[in-house]
Every structure is written in structure tokens, then in C-alpha cells.
Amino acid sequence: MTRENIEPIQMQGPVCPIPHRHTDTIVIGHGSGGQMTHDLVQNIFKSRIGNAVLAEGNDAARLTLKGQTEQIAVSTDSHVVSPLFFPGGDIGRLAVCGTVNDVAMLGATPVFLTAGFILEEGFPMDSLIMIIDSMAEACQEANVQIVAGDTKVVEKGKADGVFINTAGFGLIPQGRTIGGQFAQPGDAVLISGSLGDHGIAVLQARGDLGFESDIQSDITPLNHMIGELLEKIPEVHVLRDPTRGGLATTLKEIACQSQVSIRLQEESIPIKPDVRIACEMLGFDPLYLANEGKVIVILPAEKAEAALETLRTSPYGTMATRIGAVFSEDPEQVLLQTPFGTTRILDMLSGEILPRIC
Amino acid sequence: MTEKATPDFLAGYRDAKLVKGVLDEIHQRVTHPWALMEICGGQTHAIMQYGLDQLLPKEIELVHGPGCPVCVTSLELIDQALWIARQPDVIFTSFGDMLRVPGSEGDLFSVRASGGQVRVVYSPLDAVNIARENPDNEVVFFAIGFETTAPANAMAVIQAEKLGLENFSILPANVLVPPALHAILASPDNRIQGFLAAGHVCTVMGYWEYPPIAEQYQTPIAVTGFEPLDLVNGILQTVEMLEEGRAEVENAYPRAVTYEGNQSAQKLIDRVFKPVDRNWRGIGTIPKSGYGLREDYQAFDATQRFDTGRIQTEESKICIAGQVLRGLKKPSECPAFGTLCTPQSPLGAPMVSSEGACAAYYHYGRKKQ
Numbered sequence: 001m002t003r004e005n006i007e008p009i010q011m012q013g014p015v016c017p018i019p020h021r022h023t024d025t026i027v028i029g030h031g032s033g034g035q036m037t038h039d040l041v042q043n044i045f046k047s048r049i050g051n052a053v054l055a056e057g058n059d060a061a062r063l064t065l066k067g068q069t070e071q072i073a074v075s076t077d078s079h080v081v082s083p084l085f086f087p088g089g090d091i092g093r094l095a096v097c098g099t100v101n102d103v104a105m106l107g108a109t110p111v112f113l114t115a116g117f118i119l120e121e122g123f124p125m126d127s128l129i130m131i132i133d134s135m136a137e138a139c140q141e142a143n144v145q146i147v148a149g150d151t152k153v154v155e156k157g158k159a160d161g162v163f164i165n166t167a168g169f170g171l172i173p174q175g176r177t178i179g180g181q182f183a184q185p186g187d188a189v190l191i192s193g194s195l196g197d198h199g200i201a202v203l204q205a206r207g208d209l210g211f212e213s214d215i216q217s218d219i220t221p222l223n224h225m226i227g228e229l230l231e232k233i234p235e236v237h238v239l240r241d242p243t244r245g246g247l248a249t250t251l252k253e254i255a256c257q258s259q260v261s262i263r264l265q266e267e268s269i270p271i272k273p274d275v276r277i278a279c280e281m282l283g284f285d286p287l288y289l290a291n292e293g294k295v296i297v298i299l300p301a302e303k304a305e306a307a308l309e310t311l312r313t314s315p316y317g318t319m320a321t322r323i324g325a326v327f328s329e330d331p332e333q334v335l336l337q338t339p340f341g342t343t344r345i346l347d348m349l350s351g352e353i354l355p356r357i358c
Numbered sequence: 001m002t003e004k005a006t007p008d009f010l011a012g013y014r015d016a017k018l019v020k021g022v023l024d025e026i027h028q029r030v031t032h033p034w035a036l037m038e039i040c041g042g043q044t045h046a047i048m049q050y051g052l053d054q055l056l057p058k059e060i061e062l063v064h065g066p067g068c069p070v071c072v073t074s075l076e077l078i079d080q081a082l083w084i085a086r087q088p089d090v091i092f093t094s095f096g097d098m099l100r101v102p103g104s105e106g107d108l109f110s111v112r113a114s115g116g117q118v119r120v121v122y123s124p125l126d127a128v129n130i131a132r133e134n135p136d137n138e139v140v141f142f143a144i145g146f147e148t149t150a151p152a153n154a155m156a157v158i159q160a161e162k163l164g165l166e167n168f169s170i171l172p173a174n175v176l177v178p179p180a181l182h183a184i185l186a187s188p189d190n191r192i193q194g195f196l197a198a199g200h201v202c203t204v205m206g207y208w209e210y211p212p213i214a215e216q217y218q219t220p221i222a223v224t225g226f227e228p229l230d231l232v233n234g235i236l237q238t239v240e241m242l243e244e245g246r247a248e249v250e251n252a253y254p255r256a257v258t259y260e261g262n263q264s265a266q267k268l269i270d271r272v273f274k275p276v277d278r279n280w281r282g283i284g285t286i287p288k289s290g291y292g293l294r295e296d297y298q299a300f301d302a303t304q305r306f307d308t309g310r311i312q313t314e315e316s317k318i319c320i321a322g323q324v325l326r327g328l329k330k331p332s333e334c335p336a337f338g339t340l341c342t343p344q345s346p347l348g349a350p351m352v353s354s355e356g357a358c359a360a361y362y363h364y365g366r367k368k369q
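Line by line, the protein sequences are chains A and B. Note that this note's numbering has the first sequence beginning at 1, numbered continuously upward. Note that this note's numbering has the second sequence beginning at 1, numbered continuously upward.
Keep in mind that a hint or two might mislead.
Derived coverage of chain A by chain B (criterion: at least 3 residues anywhere in the stretch with Cβ under 8 Å from a Cβ of chain B; other residues may be distant) [to be verified]: (1) 33-44; (2) 335-345.
Okay, the calculated beta carbon distance ranges per label pair [what the hints assert, rightly or not]: (3) A/F45 - B/Q216: 58 to 66 Å; (4) A/P300 - B/A11: 28 to 36 Å; (5) B/Q304 - A/A136: 54 to 62 Å; (6) A/L282 - B/R132: 40 to 48 Å; (7) B/Q304 - A/Q265: 53 to 61 Å; (8) A/P87 - B/E25: 45 to 53 Å; (9) B/E25 - A/E329: 30 to 38 Å; (10) B/K20 - A/A136: 52 to 60 Å; (11) B/P57 - A/F45: 46 to 54 Å; (12) B/E295 - A/I129: 52 to 60 Å; (13) B/R310 - A/E329: 34 to 42 Å.
None of these hints come from the bench; they were simulated from the model. Note that beta-carbon positions come from the ideal geometry of N, C-alpha and C, so glycine has one too.
Isolated chain B, as found in the complex:
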């Protein structure tokens, strides 16, 4: 472990001098080429926004992980969302990012343009309030996100139950990080040697799930935050573990993350949700990689209320989004990147979300290589 500077809140975590000090250390420690994956799309964005990749030694390659819930939500789920949103009595509520994600035909913006009631909310509890204020409408919340959003999604269900709201339901779409790590590491073409675990997910879940993964696949993991100093610290700790041949889990985001995580949030999740198999866009079905509602709360399941199980769509093969999400290719290696595929006319979901790796490359100026 290296001794870390403890800077002032936020501004200090962007201090160019402190960041440069850690970068110098990374340059000194690296002797081998290493491929590291930052799991969370928020981390990808910060790396591109601050241009941190331009400052790393050439030996270190950052590959962008599947940690953008918008990007990995399956086409099938989006088609189900679009179908529900088109129903005349439905007010469909969602985080803003989901509105542009393409389904087989159109997106939530097109549903809204053709008269559907689609509303952007900043919290699932806002959707519960909408349900309370509109007793004659069915109000559905698109419950996307990793473990980070799961407690609030669970809280919305509990709140709706408490209020006796019969017109509220969620379309369960939460996905989980550890099963995705298994899927990436067990894949025959995996080339990831170390992970920067997603700090916000770990704020909720802790990192007790990670040591067995690090050990099983002999791959070190550093729990990493989102500010420039957090990111370079996470990279440094991962590089140190790799250079020293240690496949361990370290916490490079201790100001927010504990080993156990937020246990009351975990209890809340466990009360409402159970792990279910989930289809990931570009990856396929990963066992027990999503949250579905437990039996006690099935009344709040939009897939049952609207019988969306019959809507099943296959993904077509157009762009290399799948390989980008799996860290096999960089966005700039896609033949369509920046030409056929731009944020205005995206061919793939990673170009759509503000957390998507392709959008990050596009916005922060990565040209075709």
C-alpha cells in the first residue's frame, strides 16, 4: 500500500498536482503491459473527461466495462417498456437516459411524440407520487440500474405497498456486477488482468463478494471512486497488485466504501428482490445476474400486470457494441464510430447513454485510430 494524500472535499480530488504525483508513481511501478477494466460507465466518463488515459504509461490499457445500465438493458426489456408506455392509461416513468435507447421500433421519445405519457423522474419515489396523484392511471417505473439503484427501487415498492397503491408497478431491470465479472473472466477470449470495481455499487453492497472472484480467476480488484485522484489511486493499487503477483481485493475508495457496505440498504433489497437470470445486451443471459420481485411483491411486477412475457425480441447484428461492452474492442475500432454512428444517430446503446463508452469517446474527442 502506498501512503495516500488526503485532500479537501471534492476540489482536492481533482487537484492536478496530487493526481500527477500518483501518476508518477504508476509510471515508476509499471514493468509489464497490463489490461485493466474500469467496470462503471461513470468511471469511463471521468477518465475521458479529464483525459487521464492520455497520462498513463503506454503499458496500461484501460478497457471499458459493462457498467452502464442503459447499455446492457436487453432489447427485449426495452421493447416491453415501449409496449407498456404505448398503452392509453399508462404513465410510464423512467430516468432520462432510457428515453433515447432504441427498441426494435422507435424509442420512448417516439412513444411520447405519438401521444404516450412518458415522464422523466429523478427518483423512483417520484414515480410513486405520480401514482398517488393519478389514481385513474397505471403508473409504471422502469427499474434499471446496477446494485446502486436497487435500494431506491425496493423502497418505491415498499412505499407503494404502504400507501395501498394498486396502480403502481415496476418493470424490474436491475443488473448485478459480480455475475458480470464471472461472465467476463470465464469467457474464453477474456484478456482483462485487473479490475477497478465500481465504487458506487460497493457503497451499497460492500466488497465482500469480490475476494472469491479475485482468487478464482487470479485477478486483482481495486474498489475505485470517480474523481481523478480516486481513479489514479485505483489504477495504482491494481498495478501494484499485478506487479507483485497478488490477486487480492483492495479498497481505493475508503471514504465511501466499507467491506460490509450499507447493510440496511442490502436488507431492503433482499426483502423486495431475489436474484434472477437476466439477458444482457451484447453479452447474453447471465445466471442470477438481475433482480426480480419476490413472491410477496409480485403484485407490483409490470411484466405480470401487462403480461409482457410474450414480447420477445432478438438482437440484430449491426455494430460492435457487444465487443465494446465486453472490453474486447475500443469504441474507436468500430467501423461505424463517429461516421455512421454518432450520438445523434446512434447505432448502438453505448453511443446513447451519457455513461456509454462510445458516447464518452465521441464527446471527449477520441478519433478513429
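Okay, chain A solo, but in the shape it has when bound:
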């Protein structure tokens, strides 16, 4: 472009149209586990079928049965992961571990599961057998039994191979009160291991990354590790597994439930180099990627070191790290302290980055 053909440009005034709010149809982002899911649950579900138990907003419901001193924890989770088999796991293992972990997050001991299958016409029987074998293995590992089930088949094209719903039941020992609403100023925030492994492993298995890595999903039943932790350190306030929406979204939920702020030290957050590199290439933030074998532990700061020692004795907690602390100022905020001494706010995941990862 030369000087001669430049004309001063008369720029337009304020622009941009109001975009679609997606309040009239379901779009993929409603399943992200982030803000859109949150809004859907609040505006459509809770406003119509809400009650005091649901309002607690934890991974599992805490129920008291008449005449019983022990409480029970109940949770349900549907699994639609694509592809069905990926490095480190498959939909069967996911369906068992996801629900076992949700029950364990109330400090409960998971005992029984139910499993409902939606199968697509034409789905190979061999694949189904592999999935059920994998569920059996995961049940053995978690020491739970599947005690009820259901099978439905839909026409070819009306589902994607197999969808699995599981529900879980567990016993909460007397006097144990753990939940997202119990974080206290002065508490320490721990994470049991590295972040983002599951999200990247599934994406890679879809084969559309254009590169290969050795990243494995972290799918794990966490109930034994949590059981040992609580036996040694019963003072734990919050347990939560950062699945869809990742660490950032999950901590934001806890900050809102407990009316506190959470400050994280960016340097201390464990992320494997392969995951970090994959995220940088793809433009993802590992703090928003799903995990299926990690737990956030929030507890009084003076118990943090002992808790880390206990977590690290488990094969699933070797990378357990203290990543932050809870404060009373700026309630509902999650703040990340960068290595440069600057601060940024972490909000809930908005929209959808990786659909159908669990």
C-alpha cells in the first residue's frame, strides 16, 4: 500500500449486535459444567424441583432417614464421553469412578451403585463386554457393588454407542460434616495431584489434535484415599473433585457456597509438562480442564502438612500440593497470584471448550 492510495477512513460508531442468549434451545455449552450449566440448573431445574437438600449444592445429597443416626449420601451422574475408550480409561470405568467420587466428597463411604444403559442399535457386543468388564474392575477397586440396573436400546443414530447413568449410595459416619459450604477463612487449599490430564487424554483420543502424547486420563476411585485422610484428619471442611469446569470453576462454586475468597499461588499448582504444552498449543487453560481422579481438600491450615503427608502415601496422591488459602475479604472471588506478583481473577468456565469429556 502506498501513500497515494490512502484515504482517511470515516470509522463507524459503536457497533455489534446483541447475540443469541440460547435461552430457547439447548446448545452444547449447557453441558460444560461451567456458567451455562449453572444457569440451566438454577433457572430451569432448581426453580421447579428445588428443595432444601438440593439447595446445598454439593456433589452428593446428604439424607437423614427417620429413626436413623447415620446419614446417607446419594449422587447420580450420566456419562456420554466420546470416544468410549481413551488412554487411561473408558466410559465404564468413568461411570463407576465418577459416581463413587461424588459420594466420597461428602466424606461418605460408597457402598452401592445402580447402572442404567442406553445402547444404540448396532453397537458391537464385544465393546459392550469390554465396558462392563471395566466397570466390574472399577467396582472391585472401589469396593462397591452394582445392585440395580436398567437397559434401553434406541434406533441407530439416536444415541452414540452407549450412554451410562450411575447412581451411588454411601454412608456418612456420625458427626461428619463436609461440604462446599464449610470453607473457613484461614483454611488451606490442597489438590491431590496434577490438573487437566483427563481433558487432554480424551481430546487426544478423538484424534483431532494433530499430535500425539503419552497423557493418560487420571480416572480413579478416590474413596480409599479420602477414607484414610479423614481417619487421620477428621477436621477437613471441604472435599470436591474438580471434574467438568476444572479447578477454577469448582473453587468458584466453593467460594460462592461458603461466602469466602480463595487465593491461589499459580506456581504451586501442579500441571504435567505434556498437559501444559498441549494446552498452550490448543489455547486451553489447564485450570478449566476436567479431572476424574483428583480432589480439592480445604481444611484448617495447621492440619495442611499432615494431610499432604497422608495423601502422598496413596498412589493417587503422590503429587498432592498446597495451592492456596481461604480468606474472608472479597467473598465469592477466586484470585490467582502470578509469579510476577500480579493478580488475576478466576471465574467459572464460560461456554464450552471440550464437549463430551465425561
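With chain A's structure known, arrange chain B on it following the hints.
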């Protein structure tokens, strides 16, 4: 020129000590207030992600440039994309970011929700493969991006031609940096005094196009990368030029950028594309600021294949996105920022893309001022 540390790959470019050393130097060199524009949205994001703006002297104001292809793609082009994507036999392929950008009615997510075949691809060559695997479908790729994506977009067209694919076309939407710089600098209300040129664009194009611009408008330009150390080095070099009254072009990203750029990529672009006038969201039509397909490749032009020329839409006046994209206003100065306008319900494109300035402000915690 200041002597620069040469750190280890990547990790070193985020080394807080090295970055602080350069920041100290910026603090020492600054004597005047300066308004610098980082052209690329990727740079905006890195600045906000690492909080570098919090560490600069108060004299230095960073204004965010138009370098987010998602944000500057015109409403008209998005409406054309939506129309094509709604056609029953079409598989519409796009980078993921474009799916949330609002057209006049809905976005590509809504098209998908209502049965349209919209697929996210990570490379235009993936779209060519989809065309090969689906001979009964028309496969269209939304060819957005600055000069950075143009070589891959050109390659997709050449590949489709080589494979004899008659069912592949692109919706040409590439935009170019130098004409945008002219538009910003020639604008009567321009207040930008120095530029951080977009390092990735220059990796492809080199920076031979910039010296005449620096000279014509007496505005220094530093080719700048995306890591914290790259960014502060770019800022330092621009500040030095400003303080010394030099309107020159310097390369603060020499590990990736040469003066000539990637010449085989440029040849590829030139073989397939020619400069055409393009409408920029929030800025208006800038002459010769986009890439259209050359005559030899018009068969791959989706605008012709689907006759989308008849789809013409005007932009409505709701948010201040235009002024944000032009660097006249900060996202936090918008009355709707963070309240009416959030990434969940964006009023403007800069709130939509992960590279958008408003989204960067929102995610990295800039409150209303």
C-alpha cells in the same frame, strides 16, 4: 538497543527475574506519558494473564488493537456463514472461536442445535479431508484470520484443487494488518503513539511493510512476541524509540521473525489470494485489507457457489466494541461491561473470543473503573 538476556526455551521467557529486569529499565527510561497499542489479541491476553499492565509505569498506557480476527469479522460475513451452514447438504467447518460469534439471528451453535452440520476443525486441511470423506456434501471452511492463517488457508485450496475436490470451498475472510494500521493512524481521533506489531503475523510476512508506515505517521513500531519477556522487551524498545524521537521499526522478536518473513508462505498466499476491500466490524470498510481468491481459484469461493452476495446486513449500535477495537476506549469503560455484557451473554464480539480484549479483561479480573 539494549542488551537482552537470552533465556532458555519458553520457561525462560516467563522468568519473573528477567522480566522484572526489563520492567526496571522501562521505569528508568520513561519520562513522558505514551499510548502504545499491542496489535494482536494474543498479546492482549498474555498481558492480562500475567498482569504485566499492573507492573508498567503509570506513564505507559496499553491500548488493545484490532488483532482478533473473530472480533473484526463483519456481521455481514457471519450472516453469510450462518446462511451457508443452514443449507441441508452443507458441512460447515470453522475454528472453534467463530461458533459463538453472534450474527443477526443466532450463532453457529444455534445452527448446529437446529440440525445444521457445523464442525470444529483445528486446521483448514482437516476441512479438506472432511470434503474428501463426504463427497455427497458441500464442505465449506470459514477462512478467518490475519496473515498468520492465510498460508494454511491457501494450502487448503491448492490441496483441494490437487485432489480434484469439487465439493470444497472457503468463505474468504482473511484480514491484513498493515491496512488496519493505516486506518487507525489516519483516523482524526487517533491517539496511538507506538505499536507492538503482532509477532506471529510477522513470522509469515516479515516486517518489510512497516518502515513506510512508521515514517509516514512518525510512529515507531516494535515487532513483539507473546511471552512476558517478549512483551516487555517490545514495550521497552518502543519506549526507547519514542523517548529518543525515532520513528523506526525494530524487531523485538528476532528468534521467530526476519525482515523478509517466510517467503515460501508469502508466495503461497500470493498464488491463491489477492488483496480486496474488506469490511471490519467496528471499523468499517478498509481498502485492500482482506484476501479474496484469485480468478484461477474462484471455483473454491463459497460466496460465489452459494451466491451470498445478496446477504447484506448492517451493524446495530449497542456496545462500544468499535471503540474498543480502535483503542479509543478500554473494555472497562463500557457501561455494559461485566453487567449486561459477559462471556455468557456477550453484547459484542470482543467479549466472545478468547482473544477478545473484553473477554481478556473479564477473565483476568479487570473491574469497572
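Comparing the hints with the structure gives:
no. : hint                        : verdict
1   : 33-44                       : holds (count 3)
2   : 335-345                     : holds (count 9)
3   : A/F45 - B/Q216: 58 to 66 Å  : holds (60 Å)
4   : A/P300 - B/A11: 28 to 36 Å  : holds (35 Å)
5   : B/Q304 - A/A136: 54 to 62 Å : holds (58 Å)
6   : A/L282 - B/R132: 40 to 48 Å : violated (24 Å)
7   : B/Q304 - A/Q265: 53 to 61 Å : holds (55 Å)
8   : A/P87 - B/E25: 45 to 53 Å   : holds (46 Å)
9   : B/E25 - A/E329: 30 to 38 Å  : holds (34 Å)
10  : B/K20 - A/A136: 52 to 60 Å  : holds (56 Å)
11  : B/P57 - A/F45: 46 to 54 Å   : holds (51 Å)
12  : B/E295 - A/I129: 52 to 60 Å : holds (58 Å)
13  : B/R310 - A/E329: 34 to 42 Å : violated (57 Å)
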